[in-house]
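Two independent chains are provided; combine them into the complex using the hints.
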Amino acid sequence: MTDRALAVVRAGALTTVQDLGRPGHAHLGVPRSGALDAPAAALVNRLVGNPPEAAVLETTLTGCAVRPRSAVTVAVGGAPCAVTVDGRPAAWGAPVRVPAGALLDVGAARAGLRSYVAVSGGVAVEPVLGSRSTDLLSGLGPAPLTDGAVLPLGAPGEPHARVDAAPQPAPPSELVLRVTFGPRDDWFTPEALRAFTSRPYRVSAASNRIGLRTEGPALARALTGELPSEGMVLGAVQVPPDGRPVVFLADHPTTGGYPVIAVVRPTDLAPAAQAVPGTPVRFVAVRRR
Amino acid sequence: MRVLPVGATALLVEVASGEEAQALHAELLRRRAEGSLAVREIVPAARTVLLDGLTDPGRLAAELAAADVPPAPPRPGAVVDIPVRYDGPDLADVAAHWGVSAQEVARIHAGTEFRVAFCGFAPGFGYLTGLPPRYDVPRRATPRTAVPAGAVALAGPYTGVYPRSSPGGWQLIGSTEAVLWDHARVPAALLAPGTRVRFVPAGTGAGARAGAVAT
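Protein chains in written order, with this note's numbering: chain A, 1 to 289; chain B, 290 to 504.
These aren't lab readings, by the way, just hints derived from the structure by calculation.
Certain hints may be false.
[What the hints assert, rightly or not] For each label pair, taking beta carbons as the anchor points, the in silico distance ranges come out as:
{"#": "1", "chain 1": "B", "residue 1": "Arg319", "chain 2": "A", "residue 2": "Pro99", "range": "52 to 60 angstroms"}
{"#": "2", "chain 1": "A", "residue 1": "Val176", "chain 2": "B", "residue 2": "Glu308", "range": "38 to 46 angstroms"}
{"#": "3", "chain 1": "A", "residue 1": "Ser173", "chain 2": "B", "residue 2": "Pro432", "range": "33 to 41 angstroms"}
[As the list claims (entries may be wrong)] To give a feel for the contact side, a few chain B residues facing chain A, derived at Cβ under 8 angstroms:
{"#": "4", "residue": "Ala297"}
{"#": "5", "residue": "Leu301"}
{"#": "6", "residue": "Ala305"}
{"#": "7", "residue": "Pro333"}
{"#": "8", "residue": "Ala334"}
{"#": "9", "residue": "Thr337"}
{"#": "10", "residue": "Pro412"}
Where is the CB? At the ideal position from N, CA and C, for every residue including glycine.
Next comes chain B alone, as it looks inside the complex (with noise of 0.2 angstroms):
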C-alpha cells in the first residue's frame, strides 16, 4: 500500500489490484461509518481510493502506512438485475475478440457476477469488474459521437452502462431499459461502488434477433 499526498487536504491510497481497492473502499466506508475516519469523498477507482476534504492528511497517511494488513473483502449486499438484451453493434466484434459466438458472449456475460469497482465518466456510470482477464477487449478506434442511453458496453476489464446518450468508445454489446441514473429518485444511482450486478436477458423482439438466449 502506498500513500500519495494529494494537495493540502487529500491522499491517495495506491493498492496492488482492483480487488484490494474494492477491500480498501470497504473498509474506509466502515471506519467512516463508525465515526473515526472525518472525510468528504472516498472515491475508489481501478488500483486507488481518493480521499478528500481530509482536516489532518498527514496523520493518517501515517496510520494507513503502519496498518499493512490487507482490509477484509467487502461482505456481500444485495444483487441488483439488470434486464439486457444482447443487440449491440459491437457484438459480432467483440465475440470475434473473445473467439466464440456471438450467442457464447451473451452467455458468458449473462453468467457472470459483476461488482461496481468505481463510478465516474458520468453521473452514475460504474465500471463493473466480474468478466476473467481473457475476455478484456480494447476500445473502438474510432468513439462514436452518441451511444444510446441503456447501452451495455465493455472496455478493457470493465462493463458499463450508459445513464445517458454522450459520446463513447465502448464496445456495445446490448441495451437495458434500466435507469441508471434519477436524481428525482432516492438513491439517484442505481449502481454505486461495492453493489453486485447480474445481466438477466429479456425479453424477445431485437435481442432475439441478434442471437441472444435466455438462461
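Isolated chain A, as found in the complex (with noise of 0.2 angstroms):
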C-alpha cells in the first residue's frame, strides 16, 4: 500500500474534499459543485506548491484532524483556527511541515465557518466528471469525511510557498452581497422590491453549501402563478414560498421553479462561505457591468 495517504482521525461535524468543481454539466442536472470559498482554497494550494485545481478538505465550524503516513507540506486557510501537529501549535495560514504518522488538528472555527486544508501532492480520491468535489445535493463525488477513512494523496509537484503568512480577509460581521436584479424581479411586488435591498436580514442556521438561507422580511409576489422549471446559477437569489431570500451557492439545482429576484456577484460569494449563521446580511442593488 503507498504511504502517501492521510488517515482521517476526527472528521469532525461535515468535511468534504473539494475542488474546482464539474462546471459544464448544468445540462445533465449535474450542480458544479466546488470549494464554497474558492479564494481560500485556491491560496492554501498554492502555499503547499498544489496547481489550483488539486483537492483540498474543507471542513465546517469544528475542524477535523488528519495523520498522513509520510511527511507532507500542509496549510490551513479560511476560517480562522487553531492549529496544532502532535499537539504543538502550528501556524494557520502558511505552509506547515507535518512528519510521518505526526497529527495535524484542524481546531474549530474561531471566525467563519468553513478552514482548507491544502495538502502537498493534493487529495487524490477518484475523480467523478473530472473534478474530486463532494456534491451534497446529488450525491456525486467521495462521500463526506468519516472517522478511520483513509484519502489517497497525489504525488506532490512544486515545492511549498516561501512566506510565513499569506493575508486572507477576515469572516464578515456583515454580510454585503452586491447584487443585479433579475431575472424575474417582475414576479414581485415594488414593495417587495424596496425591502429586499434596503431592510436587514440575518444568515439563517439552515445554510448549507447548496445555498445560503436567510431570515428577514418576507417578500411579498406580485405574480402568483406557477414558474415554469427554468435554469440556475451561482448566486442566483431563489424566493421560495415562504418569501424569505435563498442565496444559491456551489452545489445549488441546475433547475427551479421558483423565481430568482437578484443574481450576487460571484466575488461576494467567498465571504457568504464563511458567515455563521445569526450574521446580518445586506442585499444591495447595483448596475449590470
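Written out as C-alpha cells, the structure reads:
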C-alpha cells in the first residue's frame, strides 16, 4: 500500500473533499459543486505548491484531524482556527511540515465557518466527471469524511511557497451582497423589491453548501402563478413560497421553479461561505457591468 | 423571444412553448459546435434556455433579440428504448385521472414517442415530453420519502425515470432496470436534452400481474 495517504482521525461536523468543481454538466442535472470559499482554497493550494485544481479539505465549524502516512506540507486557511501538529501549535495561513505519522489537528473555527486544508500532492480520490468535489445535493464525488477513512494523496509537485503568512480576509461581521436584479424581479411587488435591498436580513442556521438561507422580511409576489422550471446560476437569489431569499451556493440545483429576484456578484460568495448563522445580511443593488 | 440578463455573465432566453425551447436549444448547440458561441453551460428548461459563462452577454442578448426567425426544429436522432413494467403503485390513480383502464395507461404511454425536454432534479433525471396535454396529472398531495431507483413516473406534462432512490412527489406508473446514470460510463447520463425515448413494455412477472400489455 502506498504511504501517500491521509488517515482521518476526527472527521468533524462536516468535512468534504473539494476542488474547482464540475462545471459544464448543468444540462444533465449535475451541480457545479467545488470549494465554497474558492479564494481560500486557491490560497492554501498555492502555499503548499499545489496546482489550482488540486483537491483540498473543506471543514465546517469544528475542523478535523488527520494523520499523514508520509511527511507532507500542509496549509490551513479560510476560517481562522488553531492548528497543531502532535499537540504543538503550528501556523495558520502558512506552509507547515507534518512528519509521517504525526497528527495534524485543525481546530474549531474561531470566526467564520469553513477552513481549508491543502496537503502537498492534493487529495487524490477518484474524480467523477473530472472533479473530486463532494456534491451534497446529488451525492456525486466522495462521501463526506468519516473517522477512520483513508484518503489517497497525489505526488507533490512544486516546492511550497516561501512565505511566513499570507493575508486573508476576515470572516464577515456583516455580509454585504451586491446584487443585480432579475431575471424574475417582475414577479415581486414594488414593496418587496424595496424591502429586499433596504431591510436587514440574517443568515439562517438552515444554510448549507446548497444555499445560504436568510431570515428577514418575507418578499411578497406580484405574480402568484407557478413558474415553469428554469436554469439556475451560482449566486441566484431564489425566493421560495415562504418569501425568504435563498442565495444559491456551489451545490445548488441546476434548475428550479421559484422566481429568482436577483443574482449576487460571484466575488461576494466567498464571504457568504464564511458567514455564520445570525450574521446580518444586506443586499445592495448595483448596476450590471 | 425574451432575453433576460442573469447576473453579469448569463442570459435567460424565454420562448413561448416547450417546443420552441427545444428548437432554440438545438440551435444554440449547433452554434457552439460550429464555434460561433462561446459559453460554459447551455441549460434548456420548460420554456427557457439558460446560457451561463458568457464573456459579453450584452452583445449576444442584442443579437438574439434581433434574430426573431424561429430556429428550425431539432433533427431527429437515435431513439433510446427503455424497457418498463407498468407496475407502479399510482397506476390506478393515473388511470382514474385519464378516465381509462390501467392497461390503457400502459398502452398509451408505451405508444408515445418522448423527447427529453430538459434535465434537472438529480443527475440523469430527464423531463420527457410527448404525451398530449389531456394526460397531464398533478403531483401526489403527499410526496413519498423514498421513490425507488428506476421508477417511471408522471407529473404535469412530464414523464421521468428516477436515476436513484430519492424523495419524490411524482405519480409512479412503472419501473425499469435501465441504468439512467452511471458516472463510470461514458456518457454517464442515458438521457440528455433532445434525446428521443420510447418505453417498451418488458417481461412478465410484476408487470403482467399489474395488467401491463405488451404491444
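Status of the hints after comparison with the structure:
At about 57 angstroms, the beta-carbon gap between Arg319/B and Pro99/A stays in the expected band of 52 to 60 angstroms. For the pair Val176/A and Glu308/B, the supplied restraint of 38 to 46 angstroms holds, since their beta-carbon distance comes to about 43 angstroms. A C-beta distance of roughly 39 angstroms is found between Ser173/A and Pro432/B, which places it inside the suggested range of 33 to 41 angstroms. For Ala297/B, the interface hint holds, since its Cβ comes within 8 angstroms of a Cβ in chain A; the closest pair sits about 6 angstroms apart.
Proximity of Leu301/B to chain A holds as hinted, the smallest CB-CB distance being about 5 angstroms (cut-off 8 angstroms). Interface hint at Ala305/B: violated, since its Cβ lies 12 angstroms from the closest Cβ of chain A, which is beyond the 8 angstroms cut-off. About 7 angstroms separates the beta-carbon of Pro333/B from the nearest beta-carbon of chain A, less than 8 angstroms, and the hint is met. Interface hint status for Ala334/B: upheld, as the beta-carbon distance to the closest one in chain A is roughly 4 angstroms, under 8 angstroms.
Contact between Thr337/B and chain A, as hinted, is supported at the beta carbon level, the nearest pair being about 4 angstroms apart and thus within 8 angstroms. Checking Pro412/B against chain A by beta carbon gives a least distance of about 5 angstroms; that is within 8 angstroms, so the hint holds.
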